[in-house]
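Protein chains in written order, with our numbering: chain A, 7 to 319; chain B, -7 to 423.
Errors might be hidden in some of the hints.
[What the hints assert, rightly or not] Computed, partial: chain A to chain B, Cβ under 10 Å:
id : residue
1  : Glu22
2  : Thr98
3  : Ser129
4  : His143
5  : Leu207
6  : Val299
[What the hints assert, rightly or not] Cβ pair distances, simulated, as ranges:
id : chain 1 : residue 1 : chain 2 : residue 2 : range
7  : B       : Gly48     : A       : Gly191    : 55 to 61 Å
8  : B       : Leu95     : A       : Lys208    : 42 to 48 Å
9  : B       : Leu218    : A       : Lys221    : 41 to 47 Å
10 : A       : Lys221    : B       : Leu95     : 53 to 59 Å
11 : B       : Ala207    : A       : Asn258    : 25 to 31 Å
12 : A       : Arg215    : B       : Leu218    : 37 to 43 Å
13 : A       : Ser27     : B       : Leu95     : 51 to 57 Å
14 : A       : Gln38     : B       : Leu319    : 36 to 42 Å
15 : A       : Ser85     : B       : Leu319    : 20 to 26 Å
16 : A       : Pro212    : B       : Met170    : 52 to 58 Å
17 : A       : Arg215    : B       : Gly48     : 37 to 43 Å
18 : B       : Thr68     : A       : Gly96     : 16 to 22 Å
In short, the hints are calculated from the structure, not lab data.
From the three backbone atoms N, C-alpha and C, an ideal C-beta is built for every residue, glycine too.
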Amino acid sequence: MAQQDTWTKKDLTGIEELSRSEIELLFRQADQFLPALAPGKGLDLMKGRTVVNLFLEPSTRTRTAFEISAKKLGAEVVSINTTASSLVKGETLRDTAENIRAMGVDAIVMRHSSAGSARYLGSVLDISVVNAGDGAHEHPTQALLDAFTLRQRFGKVEGLKVTILGDILFSRVARSNILCLSKLGAQVTLAGPATLVPAALKEAFPQVRIVHDLKEALKDCDAVMLLRIQHERQTTTHFPSLGEYTSQFGLNAERAAWLKPEAIVMHPGPINRGVEVESEVADGPRSVILEQVRNGVAVRMAVLHLCTGAISR
Amino acid sequence: MNPADNSPLWIRGARVIDPSAKRDEAKGDVFALDGKIVDQLSAADQAKARVIDGTGLVVAPGFIDLNCRLGEPGRTASETIRTGTRAAAAGGFTTVVTMPDSLPAADNVGTIQLLREICSRDAAVRVLPTGTLTKGHEGKALAPLGTMKKAGVVAVTDTTSGVQNNEIMRRALEYAAMFDLVVLDHCQDSSMTDGGQMHEGAWSLRLGLRGLPRAAEEIVVSSDCLLAELTKARIHLQHLSSGGSAEIVRRAKAKQLSVTAEVSALHLLLTDAALANYATSLKTNPPLREEADRLALIAALVDGTIDAVCSDHSPCTATEKDCEFDLAPFGAATFETAFAAAHTALVAAGHADLSVLIARLTHGPAKALGLAAGTLKAGSLADLVILDAKAAWTPAKSDLVSKSGNNPLVGRALTGRVRATFVGGRQVFGA
Chain A
7 MAQQDTWTKK
17 DLTGIEELSR
27 SEIELLFRQA
37 DQFLPALAPG
47 KGLDLMKGRT
57 VVNLFLEPST
67 RTRTAFEISA
77 KKLGAEVVSI
87 NTTASSLVKG
97 ETLRDTAENI
107 RAMGVDAIVM
117 RHSSAGSARY
127 LGSVLDISVV
137 NAGDGAHEHP
147 TQALLDAFTL
157 RQRFGKVEGL
167 KVTILGDILF
177 SRVARSNILC
187 LSKLGAQVTL
197 AGPATLVPAA
207 LKEAFPQVRI
217 VHDLKEALKD
227 CDAVMLLRIQ
237 HERQTTTHFP
247 SLGEYTSQFG
257 LNAERAAWLK
267 PEAIVMHPGP
277 INRGVEVESE
287 VADGPRSVIL
297 EQVRNGVAVR
307 MAVLHLCTGA
317 ISR
Chain B
-7 MNPADNSPLW
3 IRGARVIDPS
13 AKRDEAKGDV
23 FALDGKIVDQ
33 LSAADQAKAR
43 VIDGTGLVVA
53 PGFIDLNCRL
63 GEPGRTASET
73 IRTGTRAAAA
83 GGFTTVVTMP
93 DSLPAADNVG
103 TIQLLREICS
113 RDAAVRVLPT
123 GTLTKGHEGK
133 ALAPLGTMKK
143 AGVVAVTDTT
153 SGVQNNEIMR
163 RALEYAAMFD
173 LVVLDHCQDS
183 SMTDGGQMHE
193 GAWSLRLGLR
203 GLPRAAEEIV
213 VSSDCLLAEL
223 TKARIHLQHL
233 SSGGSAEIVR
243 RAKAKQLSVT
253 AEVSALHLLL
263 TDAALANYAT
273 SLKTNPPLRE
283 EADRLALIAA
293 LVDGTIDAVC
303 SDHSPCTATE
313 KDCEFDLAPF
323 GAATFETAFA
333 AAHTALVAAG
343 HADLSVLIAR
353 LTHGPAKALG
363 LAAGTLKAGS
373 LADLVILDAK
383 AAWTPAKSDL
393 VSKSGNNPLV
403 GRALTGRVRA
413 TFVGGRQVFG
423 A
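Take these sequences, add in the hints, and give me the full structure.
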């Protein structure tokens, strides 16, 4: 496959819109930013630019990672949280975004509870729009940092077997990861209760394997990605209780022993310790959770640099 | 021409299709005098008649729409009776049945009288109001069906709210039947569709949108058929969207149950794949479903399981639809393109002859509601439409008459076009 050298997209709205060569280009860019993660190191590639974090859904981790990424590149950052936003006063998203645009901003990083909202905003604005999570649709930077971490650990993503375990139905992380890992040539298994991992997912994503037996899901994978069980989103109809979820699908040391010796455990955070994963596993030798967090900054730096760069070009 | 011109009308040499009389003449004439269809004009009337050369065109009874909204009262930002009925005329519809979920709802005589007053002043086509089945279409207590019937409603329905309680539906059917009022039902079990944005399937899973499963519709189609059997009352199932629903209706009709059904033109043409880019203009309730559903609906329309094609014209403002998908209201404004959409999907695609589609736009809906319309028989109202079945066109914003901004077929190539529409012998649309 020909290596792509030029990034042309002003927006990152989803993995769906990316080609494999674009993902690989982005990884090469992120590689170059890794040294800048050390304390005291920073770059000035985005000096004079302004990034607005428009977070219309609560988030600490992703927002902070985007803020640090932009600052490491020398950009100014303004964060708007849902309570501070005028959207609560009934203004439309288009109006809010056009007002931000009018103030001379270079990029908007948006988290929004509505699926498709990032794509919508990208089509409305001529500045960069980066999706920091749109409803149950996509969370592309999370998938990119996950794949980047796998690539770092295993040298390449191609041919890896990755199990995504938990609430697939409501998860934007799962959707982006299914697309990203498939594009990079990994084999994806989806596992969890049948209500959260419905058989119809196979129609939506024909390349995946679906299993409801935890041992089967874990035994030959190279990595297991745990998803946060977000009880607030699942009505009681999707599983009986957190306790029952843990008893069936929680990852503890005993079950982690089903994994291959070199297999790693990943989690997008924040972790519900004792629900989807026990501390012994989350903090154990298989865990790459903090590497994921660290890589998340480099990957988001690459996203901001490439997308804003595509406009000035 | 002057729309007020009421001179005799003589359409010559057109293909004449009138399913109510099993008439399909390759080259025939249609005459109208004093607002009525006549078999022949006298020599004197011929001399002063307006003569239209129908060569290459089709004359049919004006279309009857069993499912539309005209914005009044209360939603005039999206549509008014004036704009909505002109859009209907542009779509070949001469009789339209409006849904009662206006603001306030048509659950009382006053609102229905108001609607009729506005119509007598502003309407370009015949508007037949419906009333709600329950007060405020809340599904709790019956609306005053008898007095609303006296005020002029032709049917009752809780429209998109549906009726979620089988006991209320059963009693409503029995009570409405006493007044010879057909109950229209939007079949949906709302406990299964809460938060739903589109058809539940591969596309909703990919897009991360909550789904409205087929079963939510089919469960209520089934219960309605069972209640029709129990009560012997007339029930008409609105805009079916799933192939399974059509099969349930087919079985009910085989048992001679008094059930009729409709499908929207949009559901004959498109599937959920058209929502791949979160097109809010195609966010409808019921949702567009899969190709297998679309083909099953076409087959059911052709074999008569489904009686009528409706527009399901549901106007929204451009602003209302210019937002995040899950915040956009349901509905598409489709009057002007309904015939072309159905013709493209059904006739141009080779599934049926034009006469079948005309039947489902005229005689079918007339029979479903017992309306004296949808026919070219002598003595009937001179409501008729002139069509160019071969015309290929791509609807542009400038072709739309509706005040709303949510016609999803703008820019899509279609075949079949309405050339002129007459109500009571007077032209209401066309050059």
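For this session: For the hint on His143 of chain A, just tell me whether its beta-carbon gets within less than 10 Å of chain B.
Result: His143 of chain A check passes; min Cβ-Cβ to chain B is 3 Å, inside 10 Å.
Problem set entry | Glu22 of chain A as an interface hint toward chain B, with CB separation required under 10 Å | holds, 8 Å
Problem set entry | Pairwise beta carbon distance, Arg215 of chain A to Gly48 of chain B, judged against the given window 37 to 43 Å | The hinted range 37 to 43 Å is violated for Arg215 of chain A and Gly48 of chain B, with Cβ atoms some 58 Å apart.
Problem set entry | Gln38 of chain A versus Leu319 of chain B beta-carbon gap, inside 36 to 42 Å or not | Holds - the Cβ-Cβ distance for Gln38 of chain A and Leu319 of chain B, about 40 Å, lies within 36 to 42 Å.
Problem set entry | Supplied distance hint 53 to 59 Å, evaluated on CB atoms of Lys221 of chain A and Leu95 of chain B | Between Lys221 of chain A and Leu95 of chain B, where Cβ atoms are some 57 Å apart, the hint holds.
Exercise. Is the gap between the beta carbons of Ser85 of chain A and Leu319 of chain B within 20 to 26 Å?
Worked result: Once the Cβ atoms are compared, 23 Å apart, the range 20 to 26 Å for Leu319 of chain B and Ser85 of chain A holds.
For this session: Would you check whether Leu207 of chain A satisfies its interface hint, that is, whether its CB is within less than 10 Å of any CB in chain B?
Result: holds, 6 Å
Exercise. Does the Cβ pair Ala207 of chain B, Asn258 of chain A satisfy 25 to 31 Å?
Worked result: The hinted range 25 to 31 Å is violated for Ala207 of chain B and Asn258 of chain A, with Cβ atoms some 37 Å apart.
Problem set entry | Hint check for Met170 of chain B and Pro212 of chain A - Cβ pair distance inside 52 to 58 Å | Hint holds: Cβ distance 54 Å, inside 52 to 58 Å.
Problem set entry | Thr98 of chain A as an interface hint toward chain B, with CB separation required under 10 Å | At about 6 Å, which falls below the 10 Å cut-off, the nearest Cβ of chain B leaves the hint on Thr98 of chain A intact, so it holds.
For this session: With chain B as the partner, please determine if Val299 of chain A meets the hint condition of a C-beta pair closer than 10 Å.
Result: violated, 24 Å
Problem set entry | Satisfaction of the hinted span 55 to 61 Å by the C-beta atoms belonging to Gly48 of chain B and Gly191 of chain A | Holds, at about 58 Å.
This entry does not satisfy hints 6, 11 and 17, going by the numbered hints stated previously.
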